[in-house]
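**Q** If you want the building blocks of each chain, they are given just below.
2 protein chains.
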Amino acid sequence: MKYDLIIIGSGPAGYVAAIRAGQTGLKTLVIDKQYIGGMCLNWGCIPTKSLLESARFYRRIIDQAADFGISGLEPDKLSFDWLKAQKRSQQIVAKLSRGIEYLWKKNAVEFLKAEASIVSPTKVKAGNAIYEAKNIIIATGSRPAKQELFPKSIEIDELLSAEYLPEKPVLYGRGAIIAELAQFFSMLGKKPLIVQSDAPLIPGIDPYLEAFMLKRLKKDKIAILQAADVQVQPDTIKYADNFYPYDAVINCSLRKAVLPGMEIKLATQDGYLQTDDQYRTSEPDIFAAGDVNGRSYLAHVASYQAISIINSINGINNDITSHYPINIYTEPEMAQIGLTEPQLRDRGQEYLSREFGFNANGKALAEGNSEGFIRLLYEPKYQQVLGVQIAGANATDLISEASILMQLEGTVYDLAAAVHAHPTIAEVFMDAARD
Amino acid sequence: MKYDLIIIGSGPAGYVAAIRAGQTGLKTLVIDKQYIGGMCLNWGCIPTKSLLESARFYRRIIDQAADFGISGLEPDKLSFDWLKAQKRSQQIVAKLSRGIEYLWKKNAVEFLKAEASIVSPTKVKAGNAIYEAKNIIIATGSRPAKQELFPKSIEIDELLSAEYLPEKPVLYGRGAIIAELAQFFSMLGKKPLIVQSDAPLIPGIDPYLEAFMLKRLKKDKIAILQAADVQVQPDTIKYADNFYPYDAVINCSLRKAVLPGMEIKLATQDGYLQTDDQYRTSEPDIFAAGDVNGRSYLAHVASYQAISIINSINGINNDITSHYPINIYTEPEMAQIGLTEPQLRDRGQEYLSREFGFNANGKALAEGNSEGFIRLLYEPKYQQVLGVQIAGANATDLISEASILMQLEGTVYDLAAAVHAHPTIAEVFMDAARD
Numbered sequence: 095m096k097y098d099l100i101i102i103g104s105g106p107a108g109y110v111a112a113i114r115a116g117q118t119g120l121k122t123l124v125i126d127k128q129y130i131g132g133m134c135l136n137w138g139c140i141p142t143k144s145l146l147e148s149a150r151f152y153r154r155i156i157d158q159a160a161d162f163g164i165s166g167l168e169p170d171k172l173s174f175d176w177l178k179a180q181k182r183s184q185q186i187v188a189k190l191s192r193g194i195e196y197l198w199k200k201n202a203v204e205f206l207k208a209e210a211s212i213v214s215p216t217k218v219k220a221g222n223a224i225y226e227a228k229n230i231i232i233a234t235g236s237r238p239a240k241q242e243l244f245p246k247s248i249e250i251d252e253l254l255s256a257e258y259l260p261e262k263p264v265l266y267g268r269g270a271i272i273a274e275l276a277q278f279f280s281m282l283g284k285k286p287l288i289v290q291s292d293a294p295l296i297p298g299i300d301p302y303l304e305a306f307m308l309k310r311l312k313k314d315k316i317a318i319l320q321a322a323d324v325q326v327q328p329d330t331i332k333y334a335d336n337f338y339p340y341d342a343v344i345n346c347s348l349r350k351a352v353l354p355g356m357e358i359k360l361a362t363q364d365g366y367l368q369t370d371d372q373y374r375t376s377e378p379d380i381f382a383a384g385d386v387n388g389r390s391y392l393a394h395v396a397s398y399q400a401i402s403i404i405n406s407i408n409g410i411n412n413d414i415t416s417h418y419p420i421n422i423y424t425e426p427e428m429a430q431i432g433l434t435e436p437q438l439r440d441r442g443q444e445y446l447s448r449e450f451g452f453n454a455n456g457k458a459l460a461e462g463n464s465e466g467f468i469r470l471l472y473e474p475k476y477q478q479v480l481g482v483q484i485a486g487a488n489a490t491d492l493i494s495e496a497s498i499l500m501q502l503e504g505t506v507y508d509l510a511a512a513v514h515a516h517p518t519i520a521e522v523f524m525d526a527a528r529d
Numbered sequence: 095m096k097y098d099l100i101i102i103g104s105g106p107a108g109y110v111a112a113i114r115a116g117q118t119g120l121k122t123l124v125i126d127k128q129y130i131g132g133m134c135l136n137w138g139c140i141p142t143k144s145l146l147e148s149a150r151f152y153r154r155i156i157d158q159a160a161d162f163g164i165s166g167l168e169p170d171k172l173s174f175d176w177l178k179a180q181k182r183s184q185q186i187v188a189k190l191s192r193g194i195e196y197l198w199k200k201n202a203v204e205f206l207k208a209e210a211s212i213v214s215p216t217k218v219k220a221g222n223a224i225y226e227a228k229n230i231i232i233a234t235g236s237r238p239a240k241q242e243l244f245p246k247s248i249e250i251d252e253l254l255s256a257e258y259l260p261e262k263p264v265l266y267g268r269g270a271i272i273a274e275l276a277q278f279f280s281m282l283g284k285k286p287l288i289v290q291s292d293a294p295l296i297p298g299i300d301p302y303l304e305a306f307m308l309k310r311l312k313k314d315k316i317a318i319l320q321a322a323d324v325q326v327q328p329d330t331i332k333y334a335d336n337f338y339p340y341d342a343v344i345n346c347s348l349r350k351a352v353l354p355g356m357e358i359k360l361a362t363q364d365g366y367l368q369t370d371d372q373y374r375t376s377e378p379d380i381f382a383a384g385d386v387n388g389r390s391y392l393a394h395v396a397s398y399q400a401i402s403i404i405n406s407i408n409g410i411n412n413d414i415t416s417h418y419p420i421n422i423y424t425e426p427e428m429a430q431i432g433l434t435e436p437q438l439r440d441r442g443q444e445y446l447s448r449e450f451g452f453n454a455n456g457k458a459l460a461e462g463n464s465e466g467f468i469r470l471l472y473e474p475k476y477q478q479v480l481g482v483q484i485a486g487a488n489a490t491d492l493i494s495e496a497s498i499l500m501q502l503e504g505t506v507y508d509l510a511a512a513v514h515a516h517p518t519i520a521e522v523f524m525d526a527a528r529d
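Quick note, the sequences are listed as chains A and B, same order. Using my numbering, you'd call the opening residue of the first sequence number 95 and step up by one each time. Using my numbering, you'd call the opening residue of the second sequence number 95 and step up by one each time.
Be aware that a few hints might be false.
Pairs count within a copy or across copies, as identical chains cannot be separated in the list.
Unchecked claim - For lysine to aspartate or glutamate, the following DMTMM-like pairs were computed, each having C-alpha atoms within a straight-line distance of at most 20 angstroms:
1) K171 <-> D161
2) K171 <-> D157
3) K121 <-> D175
4) K189 <-> D525
5) K121 <-> D364
6) K181 <-> D157
7) K359 <-> D379
8) K309 <-> E209
9) K207 <-> D508
10) K332 <-> E261
11) K315 <-> E261
12) K127 <-> E195
13) K199 <-> D529
Everything labelled a hint here was simulated from the structure, so no lab data went into it. Note that the coordinates shown come from a computational prediction; the quantities given were computed from them, not determined experimentally.
With the hints as extra help, turn the sequences into a complete structure.
**A** Here it is as structure tokens:
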């Protein structure tokens, strides 16, 4: 069988590449050994957000319903039905998965569930068959690195499909997911414990956001222990002179690339496939998109790379965007785009910052979510916005205004001049800009 | 007493003008006969949104909690404690009101609670005193017109401060508030009835959004009767051969300007103060901002006009913005910015439209809010965006991305190129742009 394009892996790089390839008339085959949608759809973005939403709703009923005028609730009688929340999450995953299949079919993309290996720059083996293509995209993603501190630990996909939730889980590692999961357990009334493998806890975000979240985790009574200082015993962690019992360990280590089997040699760095500015590997007809190229672990960056690659294959120039939002689904949510303070300092870029809180915002107060802020980093001369950081309810959607602002190289003045509706949380953008 | 500026009325035009005036060093006096913050803060935007949020939360618990995995709830035992919801809303109003007072004090703005009348182009009478100023801003707002169809009716401020809620309220009139209030009662399990004074039900929005909301109201089983065809009887409306019982009538008529007492003559049109493009009345040192000048009933437009006026007084040029978002806090929310289809046709502007639904969006599904769409109207040549319409959860915040896009004269390509984080509802913007 001969294709224009074979894509190995069907996560947010692979499935988006396949749809775009099909739309532009490329004869395309997707091979994935497991699930359509990859980690993101099956064990990452989507199920974690569905389950977090369940936990948030549960906590909101307990903490806020009475104040909002909802009577007849007995918070003591409420409980969290993990299997039901799980089922809802799985239904959403199934629906989105069918949506991808539908779009593939509509665009004549073929799919093969099999383990794939690359046997030559134009040939892929899957099962016992050999498939040939002019181009190959490796989009095999990443998975959390193995950890050695705890003899027994489970991976996030095991947690999400477990029959019951642990009561005192240790979350070992680093990254946004560790804070999200810790708060998930905490909102459900369980006692999570973070064992941080290295600093900072959430790499890649501005220290200002990190500090905000550390303060919040402290307020949530979620202890954070430094891995270097813990003594692991069965069921207990000794830390200084304290003992912390635990009943499960969830591995939230930073992620490592997953490579397909290969009979050819592609250049790698630290285990990731090396790519040029068109995401070509050392074999020019083989591309690598998403986590496997080591540039980012963000789903939307993977999808963006995927579309750039299809453009390259079709001989279309790519607009280069350097602005990627980073979203963190903590309580409250956090989001960031553009440069952080350390990045600005490293570049010797002069900058100013200003921020405005949610606690004077009418809509935030009306919704009972007045914790948080919007913060702008900008250069002093023309006041062009260089970075935006948000903590607060809906931060992950609010950041999209900053995305488009930065895409169009907008200034603080533009933000101040754009009429923001009242009452909205987005008014805080205008308040920060006008302040 | 001699001031640089006297402002009559302290709503979103008056209080914003006062803060900006104080910040720029103008000696400023605000006079309001009643509440700091005007209708918007005390009986409009803020309390209605707080109360809607209570109703939405109540309904969400009944409709969704079990599905999200929250057990132990007995929906039959739940009830809505109106006085408690009201109290929460009043606390928010009080907090925001204190915030305005604080900002006034900080910027040396004086406040007088009194009925004001204008005795000359530079003199205002309040109580028995005469206050003099170089400039006057009239920001006295509007109120719903009286209605004559129903012998007894209450105003929205009376409803919001009532001791109990009616079970079968008639909502008479037109406008966004009528749909918002109807759904408020419906979410609480009551039987509201809309008597529409004229068509369309919600003036100013695109017929596409209106049609969406009419369909939704039908699904909510909220009947809409045409005022011309009803026969009003005590406690019952006869309409065709049906009888609709009611226990209260809430006046939601379109609004009319409220003018201060005046011993001078200012030009008016249809009861509104006539203003030029700097919001000057026929007396050049007297400005009119907000509802009273008849240009818009939107709080954020009032505030925008207020800032423009202070700029004019200070001799600063104003950026002219013609893009005002319109937000409607229905279930789901709706929002719009830029031109509507009828406006585009009237201008002979060629346009295309595209839309994308929320029902394939992962975050919307995760949150259990997958009803709605984002719709783009744009010109065919450069694909500059001319109008954006949204229906769906958080529409009123999502529209801010469209505000900044239109402020910067962005195109569909810009929207497609801006990386939107995954998973977010704002991805629907990108999907619509890429479709």
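**Q** If a hint holds in the structure, say so; if it doesn't, say that too.
**A** Here is how each hint holds up against the structure:
Both within a single protomer and between protomers do K171 and D161 lie at most 20 angstroms apart by alpha-carbon distance, with minima of 18 angstroms and 17 angstroms respectively. Taking the shortest Cα distances, K171 and D157 sit within 20 angstroms of each other both inside one copy (14 angstroms) and across copies (18 angstroms). For the homomeric pair K121 and D175, neither the shortest alpha-carbon distance inside one copy (45 angstroms) nor that between copies (61 angstroms) is at most 20 angstroms. Taking the closest pair of Cα atoms, K189 and D525 come within 20 angstroms of each other only across two copies (18 angstroms); inside a single copy the shortest separation is 40 angstroms, beyond that limit.
Neither within a single protomer nor between protomers do K121 and D364 lie at most 20 angstroms apart by alpha-carbon distance, with minima of 33 angstroms and 65 angstroms respectively. Within a single copy, K181 and D157 get their C-alpha atoms only as close as 25 angstroms, which misses the 20 angstroms cut-off; across copies the closest is 17 angstroms, which meets it. Taking the closest pair of Cα atoms, K359 and D379 come within 20 angstroms of each other only inside a single copy of the chain (13 angstroms); across copies the shortest separation is 79 angstroms, beyond that limit. In this assembly of identical chains, K309 and E209 lie within 20 angstroms of each other by CA distance neither inside one copy nor across copies; the values are 45 angstroms within and 48 angstroms between.
Neither within a single protomer nor between protomers do K207 and D508 lie at most 20 angstroms apart by alpha-carbon distance, with minima of 49 angstroms and 36 angstroms respectively. When the C-alpha separation of K332 and E261 is checked against a cutoff of 20 angstroms, the pair qualifies only within one copy, where the shortest distance is 18 angstroms, while the shortest distance between copies is 61 angstroms. With identical chains, the CA atoms of K315 and E261 are at most 20 angstroms apart within one copy only, with a shortest distance of 15 angstroms there and 44 angstroms across copies. Taking the shortest Cα distances, K127 and E195 sit within 20 angstroms of each other inside one copy (15 angstroms), while across copies they are farther apart (63 angstroms).
For the identical chains of this complex, K199 and D529 are inter-copy neighbours only, at 16 angstroms across copies versus 52 angstroms inside a copy, given an alpha-carbon limit of 20 angstroms.
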